[in-house]
Amino acid sequence: MVFSSITFLFWFLPLVLATYYAGTFLWWRRTSPGSRDSSGEGWGARELSSSAGTWAGNFCLLAASLLFYFWGEQKRIYILFAAIGLNYVAGALLGERNPSDSPRRRRGRLWILLLAVAGNLGMLIYFKYMNFLVGILGNAGIPLSMESIALPLGISFFIFQAMSYTIDVYQGTVPPARGLVAFACYITMFPQLVAGPIVRYCDVASQLRRRVLSPEKAASGIRRFIIGLAKKVLIANQVAILADKAFGLAADEVTFGAAWIGTLAYTLQIYFDFSGYSDMAIGLGRMFGFEFLENFNYPYISRSVQEFWRRWHISLSTWFRDYLYIPLGGNRCTRVRTYFNLWVVFALCGFWHGASLNFLLWGMYHGLFLVLERAFRGRGTRIRFLGHLYTLLVVMFGWVLFRAETWSQAMAFWKAMIGLGETLPGGSEVWFWFGGDVRLAMAAGILFSLPTAPVLARRIQGVLAGARTAEGANGETAVYLALRLAVILALFGACVPCLVAETYNPFIYFRF
Amino acid sequence: MATCAFFLAALFTPLALSGAGLGRDDRILSQSEYRKPSPRPAFPLGIAEGMRFPWQWDDYWRDAFPYRGPLIRVQAHVRHRTLGANGLESIFLEDGYVFGLAHIDRYRGKIMLRDGEIDRFLEIIRLKREFFRKAGISYYFVMAPSRLDFCRDLFRGAFRLPDRHVLSTRIDERMPEDIRKYYIVPDGAMREAQARHPERLLFYKRDCHWNEWGRTVAAAEIIRFLRAEFPALPPLDPEAVPFVSVPEDQEFWYDLRALGVAFDAFPVPMIEKTSPAWTEEYRRLQADRSRSPLTMVYASDSFMEVLSDRSPEILSFASVDRAGTWENILGAPAGCRQVLDAKPDVVLESIYIDALTTWRYLEKNAAWESAEK
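In order, the protein sequences belong to chains S and R. When we follow the numbering used here, the leftmost residue of the first sequence carries the number 1, and every step to the right adds one. When we follow the numbering used here, the leftmost residue of the second sequence carries the number 1, and every step to the right adds one.
Chain S with its partners taken away, still in its complex shape:
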């Protein structure tokens, strides 16, 4: 089940919301009859501070999340249960970290951690990378007979989440989860279960014990969800038509124009697809009272590759930073070792995206630019435009590697992009699909990949509030609220026919 499907939107979500709110409030009323509006968040705010209320909410979410996962992955749901069981037991065995622990207990904790990490990585490697490894060995003349293993849904995300919990407990960042329901709810929480963002336990541990539900928060979640839905349905899916056609060309059909328009389309597609999904996850989280960290922050306005990675898939890059780069020594070692660490981390970050050489090379490619930027730090251009241009070019050339099915296709695209491609008298067939819908989506994509929406919102708010500048406005007038509601409803209204028509709709990040 994907968020942008009518089953999710018009069947699963309303039923889950109804059950969650009804169940939570029933339990909350029964167990905390005297407490109302204790959060002080205004009318209708409810703080789920009672253990029973939170437990009921977590239980509802867990049941809904398991149903959600089962919808897409019926046979291998046991892997999810295994990940929950392994890390819950590991967390419980690791227990609270105590400075006065004996060396034997410390060694024991280390062994538990290593076993848990090995178990997690073992599952990930077996189910995600085994086909690739067998293929590599076969090419190297060591044939292994093994049936192909299908990739379980969302395994990369929930394994990384589970590992982060165990490592955090080991490091003493968070105490072990107090109940299996809360922990299983954290691992399986359907808003971020299958396509991220990778939520770390330390970021939601307190919310699993105590969180606020309020109409304002829910409304904010709804707005965020609809914006994400619109990003996915109205922009990503439309530009995907062009991107798919361009990357479906044979090597001898890739012209200069086709390569650039196809790469631009994919650049927009992957951003709006993935950030749209993250927006929907964050919005859904808010509807259920959770606050997830942001996963994207206008990455295409970056002026360096390093900045790009601070803005792109933030939850993944911080995961690799905290659990791999820093343990490897980070930048507190020799310069060469730092470069090596950086490069290895990004190679693995690329490989995380898929069991293919393309992803590995894509990670190494980004790692190379990060190393170069670090090596030549301070010697770069001070002209902002050139910084943007450099980053965009590096990122776009990188997306070719990410999207191309084969190395030769990537080469054909790169050659064409630098003017060494094929020349077809009538131009490429890609232009057939550059219709009004794609043009509109691309224009919107370019516009909204910049921080246009918040700037526009501030300006309108400023104008409506009668302030002289947007910065001076700090109140949301009734007209502004009505306008915002109209825009949100219009976006939702535009998405529904597209969803019903079941237009091109796969989420790219389900592959990872």
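Treat the hints with caution; some may be incorrect.
[Stated by the list, open to error] Derived DMTMM-like pairs (lysine to aspartate or glutamate); straight-line CA-CA distance at most 20 Å:
(1) S:Lys75 - R:Asp58
(2) R:Lys364 - R:Asp301
(3) R:Lys36 - R:Asp26
(4) R:Lys364 - R:Glu130
(5) R:Lys364 - R:Asp26
(6) S:Lys75 - R:Asp301
Simulated from the structure, these hints should not be mistaken for laboratory data.
We have chain S; now place chain R onto it with these hints.
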């Protein structure tokens, strides 16, 4: 609060409507998607049912979604009509023309005959002419023109047009003079007709075949060509055929149906059709086979079939029988027995020009070249 209220109302409305049995319309399923609505799955009581339930429910809810048909039509209308978008498998032009994806390769010249292959094709035509000449039968080849060629002006502005795809021009450039005498290309006559009556379409808007006006012009050109050898044939004047403007037949909506588009979202294009009275007259002529000055068989794809079987104009002067397709009758000398036994005056072979590449004409006629060697 308003956001929550509207959103919840929007989320719950389909469930409520579905529960109340409102908004269900399965016409689009039968009309455009050619399938029956998926049944509502029973509540799963066993493991196997439970495993199947998610996709069964997805299918059911997809089909049972209230006002699904109108929503799909809204989407199709906005996408294809308002925004002028092309589908994944189709090209929609502003005035209702539809081209299937299969046309693209030919349009951009991806599938192209090399010069040597064109020469081989012409040589096969010569071999067939010679083969039938020995049996006392006149062989003619009719090249049915590409609809894309005739509609290429429609693409201007929207897409750049390569010239190299115009296979007919390349064949014409390489054609020996002797073959011209039995190689019939109605393109010129059809273009003249197009110039005389720019308001009339020669091809269906939603199908690759020539329409009644187009095939009348093509038939007249074939007759004009044959009259050089058979002067007894009465000429056919397309201008004398009365046409009426009627909505395009739904049977020629193949392209849209195959594309799975909600084609009833589009207005029905008008098309030129011979008037019913005229058709009756030809039916009478068709019944009287003794009036024909010559007998003719043809082996063709659907173009000649459309020309011959659907419009009886050509039958007013010749008894025409279909021998089979160009593949199974004229693909090899050994396969021509049926034609030789019929002892016709004329054998017409006809293919749609794209068959040369798409349906591998050279490969399927390789036996003629082998026989020559």
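Now the hints, each set against the structure:
no., hint, in the structure
1, S:Lys75 - R:Asp58, "holds (17 Å)"
2, R:Lys364 - R:Asp301, "holds (14 Å)"
3, R:Lys36 - R:Asp26, "holds (8 Å)"
4, R:Lys364 - R:Glu130, "holds (19 Å)"
5, R:Lys364 - R:Asp26, "violated (44 Å)"
6, S:Lys75 - R:Asp301, "violated (50 Å)"
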